[in-house]
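> Numbering (the working numbering), first residue to last: 1 to 92.
Everything labelled a hint here was simulated from the structure, so no lab data went into it.
A quick note: this is a predicted structure, and the numbers were derived from the prediction, not measured.
Note that CB positions come from ideal geometry on N, CA and C, so glycine has one too.
Mixed in with the good hints there might be a few duds.
As the list claims (entries may be wrong) - In silico EDC-like pairs for lysine to aspartate or glutamate, Cα to Cα no more than 20 Å straight-line:
(1) Lys-71 - Asp-10
(2) Lys-71 - Glu-59
(3) Lys-17 - Asp-7
(4) Lys-17 - Asp-54
(5) Lys-71 - Glu-20
(6) Lys-71 - Glu-37
(7) Lys-71 - Asp-7
(8) Lys-71 - Asp-54
Said to hold, decoys possible - Computed Cβ-Cβ distance ranges for the label pairs, DEER-style:
(9) Asp-10 - Gly-33: 14 to 24 Å
(10) Asp-10 - Pro-35: 24 to 34 Å
(11) Asp-7 - Thr-27: 15 to 25 Å
(12) Thr-27 - Leu-49: 31 to 41 Å
(13) Pro-72 - Gln-24: 17 to 27 Å
(14) Asn-16 - Pro-68: 13 to 23 Å
(15) Gly-33 - Leu-13: 30 to 40 Å
(16) Pro-35 - Leu-12: 25 to 35 Å
(17) Arg-2 - Pro-78: 16 to 26 Å
(18) Leu-12 - Gly-33: 32 to 42 Å
(19) Thr-27 - Ser-47: 31 to 41 Å
(20) Leu-12 - Gln-36: 25 to 35 Å
(21) Leu-18 - Asn-66: 10 to 20 Å
(22) Leu-12 - Asp-79: 27 to 37 Å
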Amino acid sequence: MRWFVVDLGDALLAQNKLVELQTQLTTAWQGAGQPQEMLAGYCYRGSGLHCQVDVFISEALQYVVNLPAAKPCYRPPPDFQSLLGDSPSAMA
Numbered sequence: 001m002r003w004f005v006v007d008l009g010d011a012l013l014a015q016n017k018l019v020e021l022q023t024q025l026t027t028a029w030q031g032a033g034q035p036q037e038m039l040a041g042y043c044y045r046g047s048g049l050h051c052q053v054d055v056f057i058s059e060a061l062q063y064v065v066n067l068p069a070a071k072p073c074y075r076p077p078p079d080f081q082s083l084l085g086d087s088p089s090a091m092a
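Use the sequences and the hints to build the structure in full.
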């Protein structure tokens with residue numbers, strides 16, 4: 001499975017962007033019938049005061065939402081947290 005990543009920047013400032021993106025991704029996922037190949041989630045990278053938020057989107061979901069800021073990447077790390085309700089984990 002191919003993946004894309006969107007860097008939301010500093011974790012302290014990214015919360016509103018994360019909520020907006022979650023709403024957009026969830027709407028697209030639900031509109032497509034909640035297919036298993038559509039996955040999205042986030043994880044934190046860094047530590048302490050310099051923590052960043054990355055959002056990972058499967059190729060199938062990126063095809064639907066077509067986020068301009070999304071860049072191709074490798075598989076999400078193990079601490080990936082789903083943004084799509086009861087969607088399966090990327091690590092399953």
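> Now, for every hint given, state plainly whether the structure supports it.
Structure-based check of each hint:
Restraint check: the Cα-Cα separation between Lys-71 and Asp-10 comes to about 18 Å, which is no more than 20 Å; the hinted pair holds. For the given pair, Lys-71 sits about 11 Å from Glu-59 by alpha-carbon distance, which is consistent with the 20 Å threshold. Distance restraint check for Lys-17 and Asp-7: the Cα-Cα separation of roughly 10 Å lies within the 20 Å cut-off, and the hinted pair is therefore satisfied. The hinted pair formed by Lys-17 and Asp-54 meets the criterion: a straight-line CA distance of about 11 Å does not exceed 20 Å.
With a C-alpha separation of about 19 Å, the suggested pairing of Lys-71 with Glu-20 holds against the 20 Å cut-off. Of the pairs offered as hints, the one joining Lys-71 and Glu-37 holds, with about 18 Å between alpha carbons and a cut-off of 20 Å not exceeded. Only pairs whose Cα atoms come within 20 Å are accepted, and Lys-71 paired with Asp-7 is accepted, the gap being roughly 9 Å. With a C-alpha separation of about 11 Å, the suggested pairing of Lys-71 with Asp-54 holds against the 20 Å cut-off.
A beta carbon spacing of about 35 Å between Asp-10 and Gly-33 contradicts the range 14 to 24 Å that was offered as a hint. Look at Asp-10 against Pro-35: about 32 Å separates their beta carbons, and that is inside 24 to 34 Å. In this structure, Asp-7 and Thr-27 meet the distance hint of 15 to 25 Å, their C-beta atoms being roughly 22 Å apart. Between Thr-27 and Leu-49, the C-beta spacing of about 33 Å keeps the proposed range 31 to 41 Å intact.
Between Pro-72 and Gln-24 the beta carbon distance is about 20 Å. The supplied range of 17 to 27 Å therefore holds. Take Asn-16 and Pro-68: their Cβ atoms lie about 19 Å apart, and the range 13 to 23 Å holds. For the pair Gly-33 and Leu-13, the supplied restraint of 30 to 40 Å holds, since their beta-carbon distance comes to about 34 Å. Against the hinted window of 25 to 35 Å, the Cβ-Cβ separation of Pro-35 and Leu-12 comes to about 34 Å, which satisfies the hint.
Our hint of 16 to 26 Å for Arg-2 and Pro-78 holds, since their Cβ atoms are close to 18 Å apart. The hinted range of 32 to 42 Å is satisfied by Leu-12 and Gly-33, whose Cβ atoms lie roughly 36 Å apart. Between Thr-27 and Ser-47 the C-beta distance comes to about 33 Å, which sits within the given range of 31 to 41 Å. Between Leu-12 and Gln-36, the C-beta spacing of about 33 Å keeps the proposed range 25 to 35 Å intact.
Checked against the hint of 10 to 20 Å, the pair Leu-18 and Asn-66 passes, with Cβ atoms roughly 19 Å apart. About 18 Å separates the C-beta atoms of Leu-12 and Asp-79, a value inconsistent with the hinted range of 27 to 37 Å.
Violated hints, listed in ascending order, are 9 and 22; each of the other numbered hints is respected by the structure.
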